[in-house]
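Line by line, the protein sequences are chains R, P and E.
The numbering of the first sequence is the numbering used here, which starts it at 1 and goes up by one.
The numbering of the second sequence is the numbering used here, which starts it at 1 and goes up by one.
The numbering of the third sequence is the numbering used here, which starts it at 1 and goes up by one.
Calculated directly from the structure, the hints in this document are not laboratory data.
The beta carbon of each residue, even a glycine, is placed where N, CA and C say it ideally should be.
Accuracy of the hints is not assured; some may be wrong.
[To be verified] Over the 10 Å line for every Cβ pair with chain P, so calculated as not near, a few chain R residues:
{"id": "1", "residue": "D40"}
{"id": "2", "residue": "G54"}
{"id": "3", "residue": "T221"}
{"id": "4", "residue": "G315"}
{"id": "5", "residue": "V362"}
{"id": "6", "residue": "G365"}
{"id": "7", "residue": "F420"}
[Said to hold, decoys possible] Sample of chain E residues facing chain R (criterion: CB under 10 Å; computed from the structure):
{"id": "8", "residue": "T19"}
{"id": "9", "residue": "I21"}
{"id": "10", "residue": "S24"}
{"id": "11", "residue": "V25"}
{"id": "12", "residue": "P32"}
{"id": "13", "residue": "V34"}
{"id": "14", "residue": "I36"}
{"id": "15", "residue": "P37"}
{"id": "16", "residue": "H38"}
{"id": "17", "residue": "A66"}
{"id": "18", "residue": "T67"}
{"id": "19", "residue": "I69"}
{"id": "20", "residue": "Q71"}
{"id": "21", "residue": "P72"}
{"id": "22", "residue": "T73"}
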Amino acid sequence: MKLEIGRIYIKDIQLGQETSVKEGVLTVDKEGLIAKLKEDERIKDVSLDVAKPGEKVRIIPVKDVIEPRVKIEGGNNGFPGVTSKQAQCGEGKTNVLYGAAVVTVGDVVGFQEGVIDMWGEGAKWTPFSKTYNLTVDISVVDGLTPHAHEETVRIAGLKAAEFVGLAGKDVTPDEVITYEMGSIFEETAKYPNLPKVLYAEMMITQGLLHDTYIYGVNAQTILPALLHPNEELDNAVISGNCVAACDKITTYQHQNNSVIEDLYAQHGKEINFLGCIMVPEHTTLAGKLRVSDYVLKLAKMLGADAVVISEEGYGNPDSDLLMICKKCEKAGIITQLITDECAGRDGMSQPLADTAQEAVAVVSGGNVSHVVTLPPADKIIGNAAAIAVLAGGWDGALLEDGTLMCELNAVIGSTSEIGFHNVTCRLY
Amino acid sequence: MSDKYKVLYYVNQFFGQVGGEDKAGMAPEYRGEKIGPALGFEGLLNKNGEVVGTIICGDNYFNENKEKALDFILGTIKDIAPDVFVAGPAFNAGRYGVACGEISKAVAEKLNIPVVTGMYMENPGLDICKEVAYVVRTSDSAGGMRKALPIMAQIADKLAKGIEVGPPEEEGYIPRGMRKTIFVEKRGSQRAVEMLLARLKGQPFTTEMPMPVFDIVEPAPAIKDLSKATIALCTSGGIVPEGNPDHIQSASAQKWGKYDIAGRDALNAPDFYTTHGGYDPVYANEIPDRVAPLDILREFEKEGYIGKVYDFFYTTTGTGTSVSKAKEFGTQIGAELKAAGVDGVILTST
Amino acid sequence: MVKEIERYGIPIVHMATITTISESVGANRIVPTVAIPHPVGNPQLNADDEHALRKALVKKALDGLATEISQPTHFE
Chain R
1 MKLEIGRIYI KDIQLGQETS VKEGVLTVDK EGLIAKLKED ERIKDVSLDV AKPGEKVRII
61 PVKDVIEPRV KIEGGNNGFP GVTSKQAQCG EGKTNVLYGA AVVTVGDVVG FQEGVIDMWG
121 EGAKWTPFSK TYNLTVDISV VDGLTPHAHE ETVRIAGLKA AEFVGLAGKD VTPDEVITYE
181 MGSIFEETAK YPNLPKVLYA EMMITQGLLH DTYIYGVNAQ TILPALLHPN EELDNAVISG
241 NCVAACDKIT TYQHQNNSVI EDLYAQHGKE INFLGCIMVP EHTTLAGKLR VSDYVLKLAK
301 MLGADAVVIS EEGYGNPDSD LLMICKKCEK AGIITQLITD ECAGRDGMSQ PLADTAQEAV
361 AVVSGGNVSH VVTLPPADKI IGNAAAIAVL AGGWDGALLE DGTLMCELNA VIGSTSEIGF
421 HNVTCRLY
Chain P
1 MSDKYKVLYY VNQFFGQVGG EDKAGMAPEY RGEKIGPALG FEGLLNKNGE VVGTIICGDN
61 YFNENKEKAL DFILGTIKDI APDVFVAGPA FNAGRYGVAC GEISKAVAEK LNIPVVTGMY
121 MENPGLDICK EVAYVVRTSD SAGGMRKALP IMAQIADKLA KGIEVGPPEE EGYIPRGMRK
181 TIFVEKRGSQ RAVEMLLARL KGQPFTTEMP MPVFDIVEPA PAIKDLSKAT IALCTSGGIV
241 PEGNPDHIQS ASAQKWGKYD IAGRDALNAP DFYTTHGGYD PVYANEIPDR VAPLDILREF
301 EKEGYIGKVY DFFYTTTGTG TSVSKAKEFG TQIGAELKAA GVDGVILTST
Chain E
1 MVKEIERYGI PIVHMATITT ISESVGANRI VPTVAIPHPV GNPQLNADDE HALRKALVKK
61 ALDGLATEIS QPTHFE
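If we strip away everything but chain R, and leave its shape as in the complex, we get:
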């Protein structure tokens, strides 16, 4: 499979009358996009805005972040199986508005959206302070069920990314990155002496606001599935998640999965990268046992020497992570884990809900309960009062002058468990 990602560097963003990229400036046709999104009768109102790196802007509550892209060759444009007809992802050419992001905002049903600060202290904690963000604030018609509400906002974000992405259709990319890997047999013949490494990506699939979709299929319903890494890098996987903002994998992070990128970088040099197993995190013990057995079985069938396992969320998924680890290590397959920690606001608590002596190589994305103080913003996109009900926020977290005190829990992407950010914990 061969995928060429063409990066068009975006250096500024504005709302206007047309959708285009000219000399790095992304212009979004405001009325056109609103009209497009309102085709969905469940949407009552759409409010668009932009937020640029360095501006004293706070976006809250954030549901998802999506990278705008356009398919140039092969497959289908958009998100196959969701916003467009089914097609094979991971082949051909895709242009990416590199440095731009669509950020969906708005009260969904629950309490677990997050915050993005574009400047200062808050900007350090989230990778999405460095992107030129188009914010899409969606309110829905009355009487929608929670499930329908979440779906409406999810689809609207994807459609907006697709709409904006079209601006890159006829633009020559600044940089082209090629992701190419043959069949496992071909690659193993090429690199017979390199250790074979799999990536097991755990995904939250626990119901309302907690689901991940692969080609539109709710991953709650699947057995662990083998993906070519290119598929995930090419819009096959999307987030339907509003779990803790700090470590959920947004759609953007699926599109740019850092574990895949960093394993790819070593493919043919230090390792033979076999592919990705998409692992659902279930809410039943039987589900967790089945999934961990299945991952081990796939690893054995593929002859893996090592598996990198990344978690999504915390609490009960810690158990899945360690179950997979234990079973693989006992079978002689080396594991490398990536997770984050619930060590309490003072950092003095146990970092995980479960434990396993086999877990000897673990990367930590930081403590989700680490408290940060974010100074007042000049402008708020969304609704600052929402912090009181977000995971990691608490009543009183919004001080009168607009200062926000919250746990990293509430900051999008801060403790990424796919290692998308550069935060960790150290024993002091």
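Chain R is already provided as a structure; the job is to place chains P and E on it using the hints.
Same frame as chain R, now just chains P and E:
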């Protein structure tokens, strides 16, 4: 007055040059001078700080009259109001170590003054204070004094000046057990790949998260006669009365709630709902008893299978809640249940 | 929480779905439940069946409290 910061020192009778074992019964005394290790300590502060005095107490006296000794010592420290308090080092001396540990803990927690001490890894005083004081790792005997003092002085200097103390391996103290969130140069996925490559090549690597160790509690004895027993219902599933009157957090809970359920047959919607942010709330909000089964317990109560359902139900959210918070909640709730004469507890988790 | 309450000598039964976690953290009396979002219930069943299931689960928990144990025990 000089503009140097103030250090107050604590030693036992031996290092205070009062005497050996025969003087171990001496009551604490304050001397407005530098005695024993305090003398050399000031020289290590590079003229930035001054040791204003030394408290001396006999090891036996302290251990046999802990409260009295602490009262005097804390009172003295409060009056002098040092910028840093230094105790020991105690090396592997058990009674001295416990004294240093207890005093360090009290000073750090009650007076909020930063504390530096020094101990050997196996000193029983270590666990008393290592979470709140900086305990420098020393050898097991006083021969390690010359090595320990400069390290202690360097930490004391930073604490007095309000400079952040670095990681334990750099600064020389025993880890306090705190998971500190920091920025590093490389992103997590790259660190993971590098760790994996090291492991594959058989090279040394260091995990970023040693696995937690959980202690064990002996099972409590069984209820002899269920039909006479009072059973309490607890949940970490975040079921709260409408409006969440105590504002229990949806994740990373900082508190628990206690609600009167006497005269209630069930935790019906919409009087109750879940504020838990970690799972799909639809089913719990439909029938909150699916998480906390008061209705079924009432049935068993009516049938006489159990004596009584306790009049209050306890609740919090489990998701993202630290183990130490959960411990604290358990200790508080357990104390109440014990006092109320509850015979057994059902705790449900989501 | 379970352990701290048990430290007072009060028997406590943990009704939890992910019993592997209960075991790791040191619960002694454990009743495996249905699923995380509805531990003591199953919305897929009809009202009568769900009630029967719920009653059976709670009975196991109560009987667990009345059973002497010397080590972590599942009541299934």
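Evaluation of the provided hints:
{"no.": "1", "hint": "D40", "in the structure": "holds, 22 Å"}
{"no.": "2", "hint": "G54", "in the structure": "holds, 19 Å"}
{"no.": "3", "hint": "T221", "in the structure": "holds, 14 Å"}
{"no.": "4", "hint": "G315", "in the structure": "violated, 5 Å"}
{"no.": "5", "hint": "V362", "in the structure": "violated, 4 Å"}
{"no.": "6", "hint": "G365", "in the structure": "violated, 5 Å"}
{"no.": "7", "hint": "F420", "in the structure": "violated, 6 Å"}
{"no.": "8", "hint": "T19", "in the structure": "holds, 6 Å"}
{"no.": "9", "hint": "I21", "in the structure": "holds, 5 Å"}
{"no.": "10", "hint": "S24", "in the structure": "holds, 5 Å"}
{"no.": "11", "hint": "V25", "in the structure": "holds, 7 Å"}
{"no.": "12", "hint": "P32", "in the structure": "holds, 6 Å"}
{"no.": "13", "hint": "V34", "in the structure": "holds, 7 Å"}
{"no.": "14", "hint": "I36", "in the structure": "holds, 4 Å"}
{"no.": "15", "hint": "P37", "in the structure": "holds, 6 Å"}
{"no.": "16", "hint": "H38", "in the structure": "holds, 9 Å"}
{"no.": "17", "hint": "A66", "in the structure": "violated, 24 Å"}
{"no.": "18", "hint": "T67", "in the structure": "violated, 21 Å"}
{"no.": "19", "hint": "I69", "in the structure": "violated, 20 Å"}
{"no.": "20", "hint": "Q71", "in the structure": "violated, 18 Å"}
{"no.": "21", "hint": "P72", "in the structure": "violated, 14 Å"}
{"no.": "22", "hint": "T73", "in the structure": "violated, 16 Å"}
The earlier numbered hints that this structure contradicts are 4, 5, 6, 7, 17, 18, 19, 20, 21, 22.
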